[in-house]
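Number of protein chains: 4
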Amino acid sequence: MKSTFNVGVIGVGRIGKIHIENIIRNVPGLKLKMVADINIDDQMKEWAKKVGVPLLIQDADDIFNDPGIDAVVIASSTDTHVKFIQKAAHLKKDVFSEKPIDTDLKLIKETLEIVKNEGIKLMIGFNRRFDKNFKRVREIVKSGQIGIPQIVKVTARDPALPSIEYLKSSGGMFFDMTIHDWDMVRFQTGSEVEEVYATGAALVDPEVGKIGDIDTAAIILKLDNGAIGIIDNSRQAIYGYDQRVEVFGSKGCAVADNEPTNTVRLYTAEKTKEDNIPYFFLERYMESYALELHSFFESLRYNNEPSPNGEDGLINAIIATAVQRSYKENRPVKISEINL
Amino acid sequence: MKSTFNVGVIGVGRIGKIHIENIIRNVPGLKLKMVADINIDDQMKEWAKKVGVPLLIQDADDIFNDPGIDAVVIASSTDTHVKFIQKAAHLKKDVFSEKPIDTDLKLIKETLEIVKNEGIKLMIGFNRRFDKNFKRVREIVKSGQIGIPQIVKVTARDPALPSIEYLKSSGGMFFDMTIHDWDMVRFQTGSEVEEVYATGAALVDPEVGKIGDIDTAAIILKLDNGAIGIIDNSRQAIYGYDQRVEVFGSKGCAVADNEPTNTVRLYTAEKTKEDNIPYFFLERYMESYALELHSFFESLRYNNEPSPNGEDGLINAIIATAVQRSYKENRPVKISEINL
Amino acid sequence: MKSTFNVGVIGVGRIGKIHIENIIRNVPGLKLKMVADINIDDQMKEWAKKVGVPLLIQDADDIFNDPGIDAVVIASSTDTHVKFIQKAAHLKKDVFSEKPIDTDLKLIKETLEIVKNEGIKLMIGFNRRFDKNFKRVREIVKSGQIGIPQIVKVTARDPALPSIEYLKSSGGMFFDMTIHDWDMVRFQTGSEVEEVYATGAALVDPEVGKIGDIDTAAIILKLDNGAIGIIDNSRQAIYGYDQRVEVFGSKGCAVADNEPTNTVRLYTAEKTKEDNIPYFFLERYMESYALELHSFFESLRYNNEPSPNGEDGLINAIIATAVQRSYKENRPVKISEINL
Amino acid sequence: MKSTFNVGVIGVGRIGKIHIENIIRNVPGLKLKMVADINIDDQMKEWAKKVGVPLLIQDADDIFNDPGIDAVVIASSTDTHVKFIQKAAHLKKDVFSEKPIDTDLKLIKETLEIVKNEGIKLMIGFNRRFDKNFKRVREIVKSGQIGIPQIVKVTARDPALPSIEYLKSSGGMFFDMTIHDWDMVRFQTGSEVEEVYATGAALVDPEVGKIGDIDTAAIILKLDNGAIGIIDNSRQAIYGYDQRVEVFGSKGCAVADNEPTNTVRLYTAEKTKEDNIPYFFLERYMESYALELHSFFESLRYNNEPSPNGEDGLINAIIATAVQRSYKENRPVKISEINL
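Residue numbers (my numbering), protein chains in the order written: chain A, 105 to 444; chain B, 105 to 444; chain C, 105 to 444; chain D, 105 to 444.
No wet-lab data here; the hints were simulated from the structure.
There may be inaccurate statements among the hints.
Intra- or inter-copy, both count: the list cannot distinguish identical chains.
Derived lysine to aspartate or glutamate pairs resembling EDC-like cross-links, with alpha carbons at most 16 Å apart [unchecked claim]: (1) Lys191 <-> Asp174; (2) Lys236 <-> Glu387; (3) Lys236 <-> Asp379; (4) Lys236 <-> Glu363; (5) Lys355 <-> Glu374; (6) Lys355 <-> Asp309; (7) Lys239 <-> Glu378; (8) Lys121 <-> Glu150; (9) Lys236 <-> Glu378; (10) Lys375 <-> Glu363; (11) Lys438 <-> Glu299; (12) Lys239 <-> Asp379; (13) Lys375 <-> Asp346; (14) Lys239 <-> Glu363; (15) Lys191 <-> Glu217.
All figures in this text were calculated on a predicted structure; none of them were measured in a lab.
Let the sequences and hints guide you as you build the complete structure.
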């Protein structure tokens with residue numbers, strides 16, 4: 105049984121950097137061999153040197169062509185995911201890819217077939233499954249302590265609206281942001297979504313509405329076991345990154361509240377005060393990124409199917425498609441309506 | 105300006121008893137003259153004597169016919185509300201009535217016209233508006249501290265399923281239970297509902313489904329200012345009476361969590377434990393019942409329109425009708441679809 | 105077995121009014137016959153009328169001389185307690201007296217002997233034993249859930265410094281304020297104090313120091329079972345009435361935190377805020393005053409020894425004397441040093 | 105200005121390993137050159153290889169004799185601290201040393217004079233000053249938000265009694281455990297201790313008493329600004345590592361509660377439950393160890409006096425000596441009584 109795996113990383117953006125630092129510092133079983141980015145500049149070079157990247161290259165093919173590289177971590181822009189996954193598959197390299205696989209369901213399906221035929225492993229970066237709080241909720245649910253899940257609630261609110269430029273190419277709020285939330289509902293319950301109803305509006309900034317997107321949403325999911333999922337989203341929670349999960353069932357309820365920044369309470373003449381919750385995903389989910397790569401390593405090492413895998417990526421994209429249709433047509437949409 | 109008002113109470117059930125004790129002990133401006141119940145037995149007589157009811161009678165007409173009685177508190181069964189409100193109106197007695205006014209929108213409208221024509225005051229018992237926590241949220245919202253409301257969430261779960269007998273005559277979950285929750289959304293935002301989407305199931309007990317009712321529900325409301333309301337309900341939260349409200353807006357978020365039974369935390373070798381939240385509405389909302397009667401007294405004394413009033417009762421019933429239709433037809437229903 | 109008892113109340117100050125209202129409204133087994141106060145004015149008369157006092161008199165002897173009165177509630181100034189308790193005892197009337205019995209240990213002892221000889225019941229108003237949170241801690245400790253108590257911590261801080269006039273006649277901080285806290289240590293553990301060490305200072309206001317008193321204190325108690333008590337006090341906690349209890353033992357720890365004013369949390373751009381804790385004892389301990397009178401009633405009805413009783417009053421005064429000596433001489437003082 | 109410093113580490117025990125991993129992974133400005141331990145075995149060699157130790161040697165003198173090493177981290181047994189600090193000083197190498205410097209005040213003073221004469225930097229490992237919660241309290245206190253500190257409370261309870269063997273050579277509870285706590289009081293207030301009173305007992309295990317030690321303690325400190333410090337300790341808090349700090353002042357109170365293990369609350373039919381707090385210092389203070397080394401690096405880089413420094417080590421040892429005398433003689437002891 106191999107105990108270390110050589111990896112290459114494609115994409116040195118915000119998420120790519122997190123993965124690279126985690127591989128170097130926190131996942132000893134993964135050995136970073138090289139990192140590719142199409143746009144290398146001096147700042148990136150300096151950063152790479154500082155954190156200890158052994159080789160920074162421009163052409164991702166150098167990674168694919170290196171027979172010593174066992175696995176590829178894909179953190180490049182969404183529109184390149186499918187291409188790189190397929191290439192890795194054909195070269196029998198395992199893949200960890202950022203979500204979403206793509207927004208085109210046909211392309212995803214085609215890619216998963218190649219993955220299957222080539223027999224590689226494909227893990228998709230739904231990192232919140234590795235957050236210690238949400239994992240604890242899942243353990244509790246799985247152990248039966250809350251009985252049969254009946255209502256699952258996910259609150260996910262970002263601290264600040266991204267730029268309109270970003271939003272234009274984001275694939276829309278549901279594909280870009282909410283996709284994590286039904287993945288969380290599926291993760292917590294182990295059940296699949298059968299029908300969705302979505303509503304939303306551009307309440308934070310009317311400019312968002314002008315480009316055909318929304319910044320505030322509420323979604324109801326009907327699961328195959330009869331349970332109901334409820335998601336609420338906003339692109340701008342002025343007090344920080346609001347991330348909560350609640351699973352209510354026949355024997356109890358497990359609630360994961362926001363992580364506190366610290367435990368200090370200040371009592372003053374007017375109010376009792378606490379510091380705000382962590383500002384954004386880098387603070388809140390930092391640990392989860394290391395844990396998901398560690399999980400990827402373990403699935404390589406012990407030859408287990410990774411989780412979440414490509415199938416999860418596909419299902420989450422199908423739900424996104426259904427949610428989008430529900431929002432546009434203002435009616436509940438069955439998942440079975442979505443043709444692949 | 106009159107500073108005390110003589111009242112009669114109709115109905116000595118669970119809620120009637122609360123109102124009677126509050127009038128005697130906690131609302132000095134209301135003087136209880138008599139109490140009527142169609143089914144008087146020895147236990148009721150004994151109870152009445154113990155708490156200090158001055159006169160217990162069988163015929164509510166004795167209350168209506170007493171010119172010394174200024175106001176009537178109606179806590180009898182739902183199907184008698186309209187009849188008693190109309191009778192009180194014609195005799196120029198002000199009315200505090202339990203919710204709902206009725207489940208028939210036409211009857212409600214007719215009754216409100218009589219109330220208007222006769223010029224009496226009519227307050228409806230949406231007592232949760234007087235809960236100190238929810239009131240505090242409303243104060244914060246009203247003061248502008250959370251900016252413009254964008255998402256309002258109400259969680260309302262009863263501790264235990266009522267008997268199937270009770271449910272059969274309850275008017276269904278939406279009229280019986282959820283009606284409080286959109287009233288809360290309206291109260292918190294000061295906005296009106298324009299469209300609803302409701303889903304639900306009989307997850308607690310299949311017997312509930314057999315009588316055509318549900319015990320678990322999720323509802324999305326679209327408000328006239330663009331904000332979104334989200335309600336989730338269960339008839340059986342095994343850990344107690346789960347009652348929470350959250351208003352999220354452009355400048356912040358106000359969250360009213362459950363009242364703790366006490367503040368004691370017990371740290372043991374296995375777990376950190378707290379006592380469960382209060383079991384049911386008697387424990388949780390006791391104070392709110394006194395405060396709503398006090399508010400009724402003040403509207404009598406200072407000649408103000410009571411709040412919530414008959415109009416609130418009507419609107420809440422219209423929403424219940426729309427929600428019911430949405431659930432049955434599995435589609436969003438506009439409030440404007442509901443013909444009076 | 106008698107089920108109702110006629111009572112008279114002496115003293116219509118802040119505490120007297122609380123007891124009077126509780127007797128009228130919340131303890132049905134106690135029937136208020138008359139109330140005496142040496143200084144009756146129009147405001148008091150009006151108040152008495154409003155709450156329903158049947159008879160307001162100036163001379164407490166009218167209460168003692170009324171053979172129909174079973175029990176006396178003493179809420180007059182401390183220097184009258186002993187006189188009234190003795191008088192009541194000789195007339196075979198049971199007594200509920202505010203704390204402290206007196207600051208003179210000899211006088212207390214003499215009085216308790218009369219109480220014993222005459223066979224009346226004497227309950228002392230250490231009301232915090234009836235606070236729902238502290239009672240819950242006691243239940244947990246008694247049930248063995250935290251094992252053998254090893255450390256007991258009491259934090260008791262008043263919201264604002266009383267007037268220097270008040271302090272001059274208060275008997276000093278230990279007799280006036282801290283006496284509740286070692287009573288709490290004794291109540292929680294069921295153990296007695298063997299030795300004390302006290303330190304303190306006038307940190308809030310140097311004027312307090314000028315009259316020979318302190319406003320800030322820390323006290324260590326050694327209990328007869330080896331456990332250690334720790335008390336900290338301040339006369340001025342600018343954020344409200346800070347009242348906490350913690351019992352740490354071999355199997356766990358039970359902590360009663362401050363009661364929240366409400367459960368609302370407000371998340372804003374700068375901070376997360378809560379309303380301050382209740383301002384003072386009227387808000388925090390209101391319920392405990394009703395419960396202690398109810399307990400007094402039950403000890404009358406079922407002929408049980410009241411708790412806390414005169415003996416508790418004596419012991420708490422002995423500890424106060426030892427604490428005062430420890431503070432003055434800056435050394436640990438054994439309780440056995442205190443001669444009666 | 106030098107931006108990286110070569111370091112050697114002496115001692116590969118529990119704490120030494122933490123420092124070594126932090127230097128390698130989390131403090132880029134410190135470059136680990138070699139590590140010395142008097143007892144090297146295969147397990148240690150394997151660990152060293154795994155984490156990336158460049159050179160593992162037996163003789164600490166190899167570190168001292170390497171002119172390329174700028175600074176030494178001392179994590180060997182307490183009785184070697186003074187010897188190594190002095191040697192490093194004579195060789196002009198800066199030192200980070202674990203606490204305590206020694207238990208002999210004369211030896212400490214002598215060592216600090218050598219440190220001063222040779223002009224090296226000496227930082228002492230009172231790591232809790234770098235805990236994010238306690239640091240936040242200090243920031244609040246320093247900013248004046250709680251006004252003038254009046255009462256400082258430190259609760260520090262270990263989860264489990266160490267072995268009797270360990271305790272025999274630990275220097276006693278005050279030197280081994282409580283020394284962190286008055287350091288915390290000094291850190292939070294910026295004030296110095298003038299007098300102490302200590303009490304304690306062997307309540308956890310009578311065997312501890314037989315070796316002349318205690319396992320439970322309460323200590324009162326009088327500070328030079330009049331404020332009062334209160335510490336309570338236990339060697340065995342069965343629910344985990346209980347570490348809390350509270351600073352109460354003229355304008356408010358800042359309270360750092362225990363870190364939660366996660367934010368999940370589980371509501372069940374009987375109780376509301378949370379997972380216990382972190383079990384011991386490795387979980388709770390892990391981050392603080394990295395931050396203190398980072399602070400050491402910064403004092404090297406910017407040529408600042410480190411904090412806490414040797415003087416803090418001396419003062420904390422003096423207080424330990426006074427506390428021990430207070431406990432033994434059962435009387436308050438002034439710091440000025442302790443002769444150096």
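Hint check results:
Taking CA atoms no more than 16 Å apart as the test, Lys191 paired with Asp174 passes inside one copy only; the shortest distance there is 13 Å, against 49 Å between copies. Both within a single protomer and between protomers do Lys236 and Glu387 lie at most 16 Å apart by alpha-carbon distance, with minima of 13 Å and 14 Å respectively. For the identical chains of this complex, Lys236 and Asp379 are inter-copy neighbours only, at 12 Å across copies versus 21 Å inside a copy, given an alpha-carbon limit of 16 Å. Taking identical chains as interchangeable, the C-alpha atoms of Lys236 and Glu363 lie at most 16 Å apart whether they share a chain (10 Å) or sit on different chains (14 Å).
Within a single copy, Lys355 and Glu374 get their C-alpha atoms only as close as 40 Å, which misses the 16 Å cut-off; across copies the closest is 10 Å, which meets it. Only between protomers do Lys355 and Asp309 lie at most 16 Å apart by alpha-carbon distance; the minimum there is 13 Å, versus 42 Å within a single protomer. For a Cα distance limit of 16 Å, the shortest separation of Lys239 from Glu378 across copies, 14 Å, qualifies, whereas the shortest one inside one copy, 26 Å, does not. For a Cα distance limit of 16 Å, the shortest separation of Lys121 from Glu150 inside one copy, 13 Å, qualifies, whereas the shortest one across copies, 30 Å, does not.
Proximity of Lys236 and Glu378 under a CA criterion of 16 Å is satisfied inter-copy only: 14 Å between copies versus 22 Å inside one chain copy. For the identical chains of this complex, Lys375 and Glu363 are inter-copy neighbours only, at 15 Å across copies versus 21 Å inside a copy, given an alpha-carbon limit of 16 Å. In this assembly of identical chains, the alpha carbons of Lys438 and Glu299 lie at most 16 Å apart only when taken from the same copy (4 Å versus 21 Å across copies). Taking CA atoms no more than 16 Å apart as the test, Lys239 paired with Asp379 passes between copies only; the shortest distance there is 13 Å, against 25 Å inside one copy.
For the homomeric pair Lys375 and Asp346, the shortest alpha-carbon distance between copies (14 Å) is at most 16 Å, but the shortest distance inside one copy (22 Å) is not. Within a single copy, Lys239 and Glu363 get their C-alpha atoms as close as 14 Å, which meets the 16 Å cut-off; across copies the closest is 18 Å, which misses it. For a Cα distance limit of 16 Å, the shortest separation of Lys191 from Glu217 inside one copy, 13 Å, qualifies, whereas the shortest one across copies, 67 Å, does not.
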